[in-house]
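Participant: Here are the chains, one letter per residue:
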Amino acid sequence: MGLRLTLLARLGIVLLCIGFLTANSSFVFASPNYGGHLIVAVPTDPDTFDAHKAVAAATKEIDFNTYEGLVSYNSKGEIIPALAVDWDISADGTEYIFTLREDVFFHNNRLMTAEDVVYSLNRIRDDSTGYPLTWHKNIEHLEILDTQQIRLVLAEPYAPFLSELADAAIIPSEAVETLGVKPIGTGPFKFVEWAIGQHIKLTKFEKYWKAELPYLDGVTFKIVPNPATAILNLKAGAVHVIPRLSADVAWQVEEDPEFRLLSAPMNTPQLMAYNLMREPFDDIRVRQAINYGIDKDLLIEGAAWGYGSKIGSNMSPSMEAFYVDYADYYPYDPDKARQLLKNAGYPHGFQSTLSLPVDYDLHVKAGEMAAAMLAEIGIELELELVEWGTWLERIYTKRDYDLTIVGLGGKLDPHTILNRYTSDYSRNFFNFAHEEYDALIEEGFLETNPSKRGTIYARCQEILAEEAAALFIMDPNDLVAMAKEVNGWQHYPKYVDDLAHVYFGK
Amino acid sequence: MQYLRQRVAALLFTLFVACAITFVVFNVIPGDPALLIMGTEADPEVLDTLRQTLGLDLPLHRQFFRWVKAVTKGDLGTSLRMGQPVAALIKERLPVTLSLAALAMVFTLGFSVIAGAYAASHRGRPIDFLIVIMSQIGLAIPHFWLGILLMLLFSLRWKLLPPGGFVQWHTDPRQAFLSLLLPAVALASHRVASLTRITRAAMLDILSQDYIRASRSRGISHTVVIYQHALKNSLVPIITVAGMQFAGLLAGSVVAEEVFALPGLGRLLLQAIGYRDLPLVQGIALFMAVMVVSVNFITDMLYLLLDPRIRYE
Numbered sequence: 001m002g003l004r005l006t007l008l009a010r011l012g013i014v015l016l017c018i019g020f021l022t023a024n025s026s027f028v029f030a031s032p033n034y035g036g037h038l039i040v041a042v043p044t045d046p047d048t049f050d051a052h053k054a055v056a057a058a059t060k061e062i063d064f065n066t067y068e069g070l071v072s073y074n075s076k077g078e079i080i081p082a083l084a085v086d087w088d089i090s091a092d093g094t095e096y097i098f099t100l101r102e103d104v105f106f107h108n109n110r111l112m113t114a115e116d117v118v119y120s121l122n123r124i125r126d127d128s129t130g131y132p133l134t135w136h137k138n139i140e141h142l143e144i145l146d147t148q149q150i151r152l153v154l155a156e157p158y159a160p161f162l163s164e165l166a167d168a169a170i171i172p173s174e175a176v177e178t179l180g181v182k183p184i185g186t187g188p189f190k191f192v193e194w195a196i197g198q199h200i201k202l203t204k205f206e207k208y209w210k211a212e213l214p215y216l217d218g219v220t221f222k223i224v225p226n227p228a229t230a231i232l233n234l235k236a237g238a239v240h241v242i243p244r245l246s247a248d249v250a251w252q253v254e255e256d257p258e259f260r261l262l263s264a265p266m267n268t269p270q271l272m273a274y275n276l277m278r279e280p281f282d283d284i285r286v287r288q289a290i291n292y293g294i295d296k297d298l299l300i301e302g303a304a305w306g307y308g309s310k311i312g313s314n315m316s317p318s319m320e321a322f323y324v325d326y327a328d329y330y331p332y333d334p335d336k337a338r339q340l341l342k343n344a345g346y347p348h349g350f351q352s353t354l355s356l357p358v359d360y361d362l363h364v365k366a367g368e369m370a371a372a373m374l375a376e377i378g379i380e381l382e383l384e385l386v387e388w389g390t391w392l393e394r395i396y397t398k399r400d401y402d403l404t405i406v407g408l409g410g411k412l413d414p415h416t417i418l419n420r421y422t423s424d425y426s427r428n429f430f431n432f433a434h435e436e437y438d439a440l441i442e443e444g445f446l447e448t449n450p451s452k453r454g455t456i457y458a459r460c461q462e463i464l465a466e467e468a469a470a471l472f473i474m475d476p477n478d479l480v481a482m483a484k485e486v487n488g489w490q491h492y493p494k495y496v497d498d499l500a501h502v503y504f505g506k
Numbered sequence: 507m508q509y510l511r512q513r514v515a516a517l518l519f520t521l522f523v524a525c526a527i528t529f530v531v532f533n534v535i536p537g538d539p540a541l542l543i544m545g546t547e548a549d550p551e552v553l554d555t556l557r558q559t560l561g562l563d564l565p566l567h568r569q570f571f572r573w574v575k576a577v578t579k580g581d582l583g584t585s586l587r588m589g590q591p592v593a594a595l596i597k598e599r600l601p602v603t604l605s606l607a608a609l610a611m612v613f614t615l616g617f618s619v620i621a622g623a624y625a626a627s628h629r630g631r632p633i634d635f636l637i638v639i640m641s642q643i644g645l646a647i648p649h650f651w652l653g654i655l656l657m658l659l660f661s662l663r664w665k666l667l668p669p670g671g672f673v674q675w676h677t678d679p680r681q682a683f684l685s686l687l688l689p690a691v692a693l694a695s696h697r698v699a700s701l702t703r704i705t706r707a708a709m710l711d712i713l714s715q716d717y718i719r720a721s722r723s724r725g726i727s728h729t730v731v732i733y734q735h736a737l738k739n740s741l742v743p744i745i746t747v748a749g750m751q752f753a754g755l756l757a758g759s760v761v762a763e764e765v766f767a768l769p770g771l772g773r774l775l776l777q778a779i780g781y782r783d784l785p786l787v788q789g790i791a792l793f794m795a796v797m798v799v800s801v802n803f804i805t806d807m808l809y810l811l812l813d814p815r816i817r818y819e
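Order-wise, the sequence lines are chains A and B.
Taking my numbering, I'd label the letters of the first sequence as residues 1 to 506.
Taking my numbering, I'd label the letters of the second sequence as residues 507 to 819.
Bear in mind the hints are in silico, worked out from the structure with no lab data behind them.
Given the structure is predicted, the values throughout are model-derived calculations rather than measurements.
Where hints are given, some of them may not hold.
Said to hold, decoys possible - Covered stretches of chain B, as calculated for chain A (at least 3 residues, CB under 8 Å):
id, region
1, 592 to 601
2, 771 to 777
Claimed, not checked - Taking beta-carbon pairs under 10 Å as the criterion, some of the chain A residues facing chain B (in silico):
id, residue
3, THR44
4, VAL55
5, VAL192
6, ILE196
7, HIS199
8, LYS222
9, ASN226
10, LYS235
11, ALA236
12, GLN351
13, GLU393
14, ASP424
15, SER426
A virtual CB, placed ideally from N, CA and C, is assigned to each residue, including glycine.
The whole structure should be built from the sequences, with the hints applied where relevant.
Facilitator: Quick look at the structure:
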């Protein structure tokens with residue numbers, strides 16, 4: 001008996017080891033292959049390739065491969081060195097000294113200098129481009145210390161500064177006139193051509209400072225507006241990758257062994273906003289009732305085919321360093337919801353309007369499901385479909401709405417994510433006002449100690465959940481469908497495609 | 507000559523009205539181009555700077571007349587979102603839209619005139635019945651659905667044709683033609699159906715005329731009667747409808763372009779509207795209006811050729 005057990009145990013250990021080795025070998029020991037041309041399907045054209053003017057997500061996903069800033073971020077959203085090897089921040093958090101890499105070439109084969117860095121940062125904070133980034137006013141002073149060092153002084157400490165600097169592309173001044181149609185940066189791929197409405201072609205930059213990257217010889221972004229057509233293209237071998245695949249068509253590749261479907265949180269929390277200036281949403285009991293009245297698991301299943309992570313505050317689980325799990329703060333409980341409505345003076349519920357941005361199918365579907373669930377507790381919602389331009393103007397800017405569903409995100413710093421709930425913030429379309437919250441955001445903004453920032457933003461998330469500031473629904477998953485020979489794809493908590501690490505393999 | 511002068515004056519007036527209406531409607535509907543460019547990240551101060559850069563801070567009538575003035579000098583302006591000249595953007599899309607429209611029209615005319623005439627000459631027989639049923643089905647099938655179906659069969663199953671996308675004529679004419687084949691068929695399906703019915707009806711009308719019976723009694727062969735006498739005389743209503751169809755095709759087919767990932771004018775217009783890119787919308791609207799007006803003009807001229815009784819005074 002004892003012998004048999006030992007034998008079984010031994011066998012088990014051997015099997016485990018084999019499993020472990022094989023599982024690992026495909027990951028660690030496989031050396032990526034060089035070569036090949038990858039075709040990626042994207043839904044729309046970029047706006048402009050001038051990295052300092054571009055705002056469209058469709059542009060940034062491509063720009064990530066051609067432009068770089070002093071710092072960058074990895075797939076976890078952590079800040080990593082890029083064109084600067086190193087930096088020192090003064091104790092009071094206002095002075096930054098960056099040491100630049102010495103071996104960086106632009107795509108026009110010119111060596112990058114400290115002058116280029118200063119030129120680029122000055123161009124961004126200069127209003128004359130007409131498209132200033134929002135942080136330009138924070139930089140008070142900018143100077144070259146020596147050939148490889150620059151000094152940057154901020155008017156006041158600003159904790160999210162580095163994460164915003166990651167988006168500040170360093171460009172060569174001589175290329176600035178034609179940058180919009182012929183981008184020149186320092187990234188792993190250089191621009192070849194842009195056939196509007198058809199494709200954008202990039203080729204490997206041989207002088208890239210990370211000598212081992214990229215693996216691919218080139219990349220084509222093929223513009224395919226319709227998701228069903230994109231899937232047909234993938235199946236016919238006309239494209240290799242579809243990033244941000246719509247969950248509606250995911251079933252077509254889910255079960256097919258020829259393809260792979262990667263899925264990870266997108267860092268774009270979806271929420272239903274209450275207009276807190278309007279009755280009855282100014283009453284916390286009503287907001288809590290709505291929170292209890294929605295079965296989020298069912299909603300995620302129904303609207304996103306299950307491809308989403310349940311949330312309970314305005315933070316995605318992909319923000320690992322700051323995320324606190326409040327997903328079940330208000331578990332689904334229709335009886336409790338009815339009771340809360342009754343306490344608030346609405347024993348028979350009430351009527352209201354839910355405005356949905358028609359351009360975003362996921363929000364429309366979520367809205368339809370939410371309305372059906374709320375009808376069960378007596379809240380009758382009239383669904384109003386609004387076009388995105390109208391949504392931005394009437395709902396987001398003029399705050400003329402009762403309820404609306406939207407996804408907000410793409411940020412790497414908790415301050416820039418949570419700042420929108422401060423009472424004096426211009427884009428606080430919730431009309432949320434909470435003294436402690438305002439004070440915490442102010443404190444976090446000046447705080448550079450990571451663990452203290454963690455505590456501050458944890459409390460902020462808690463307040464949003466306690467106050468039921470909105471109905472936080474889910475962080476939808478970023479789905480990427482690809483041919484099975486494509487390897488090395490990494491999800492980022494931002495809307496970018498990192499192609500430098502992608503390679504073709506068996 | 508007098509007629510021509512009147513025609514041109516009416517044409518210019520039509521264009522002006524079309525542009526004015528586009529401009530007014532566009533400014534009445536909500537949506538601010540600067541907001542759409544900046545999205546949910548819009549900071550009020552940044553928005554103001556952007557509005558100034560884009561010239562959106564001017565009063566409306568001044569914006570409009572500034573545009574009209576530039577157009578008379580041949581300048582269609584610059585796209586707000588893409589920062590590129592509107593004329594260049596339209597020119598780039600034109601080969602796709604023109605060749606797609608032409609191909610779809612060849613299919614439509616080629617098929618429907620023959621089928622319609624054949625059905626009329628075999629009135630009441632099974633073949634007539636079949637053609638009528640087919641055109642009924644053609645009218646009922648949405649062309650985006652037909653497009654996806656065609657792609658499934660020809661691109662995925664039989665791997666004969668590309669699954670959407672477009673190759674420029676000058677890079678590879680054969681590929682360019684192949685990439686337009688399926689969308690042209692999908693676009694034609696609907697038009698074939700209606701034009702077949704019109705051809706059939708027009709032919710039946712002519713065939714009941716006395717002169718047809720007279721020609722027959724004089725012993726002229728059936729084929730000659732049908733295809734030379736009857737068909738030629740029923741061409742006026744056919745050309746009228748075909749002209750309208752062609753003008754519609756030139757305005758770009760948003761849905762077919764979207765399904766087949768073709769970089770045509772329709773998709774450009776849709777995008778421009780979505781981003782409230784006024785100069786681009788105005789430019790395309792003007793261009794399409796010119797197209798429609800010219801096609802109508804050519805149709806009118808064709809009447810002269812087809813029916814010598816028609817005179818324009």
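Participant: Hint by hint, say whether it matches the structure.
Facilitator: Taking the hints in turn, this is what the structure says about them:
1. 592 to 601: holds (count 3)
2. 771 to 777: holds (count 3)
3. THR44: holds (7 Å)
4. VAL55: holds (6 Å)
5. VAL192: violated (14 Å)
6. ILE196: ILE196 of chain A check passes; min Cβ-Cβ to chain B is 6 Å, inside 10 Å.
7. HIS199: At about 8 Å, which falls below the 10 Å cut-off, the nearest Cβ of chain B leaves the hint on HIS199 of chain A intact, so it holds.
8. LYS222: holds (6 Å)
9. ASN226: holds (5 Å)
10. LYS235: At 6 Å from the nearest chain B Cβ, LYS235 of chain A passes the 10 Å test, so the hint holds.
11. ALA236: holds (5 Å)
12. GLN351: This hint is violated: GLN351 of chain A lies away from chain B, its Cβ roughly 24 Å from the closest one there, beyond 10 Å.
13. GLU393: holds (5 Å)
14. ASP424: violated (12 Å)
15. SER426: holds (5 Å)
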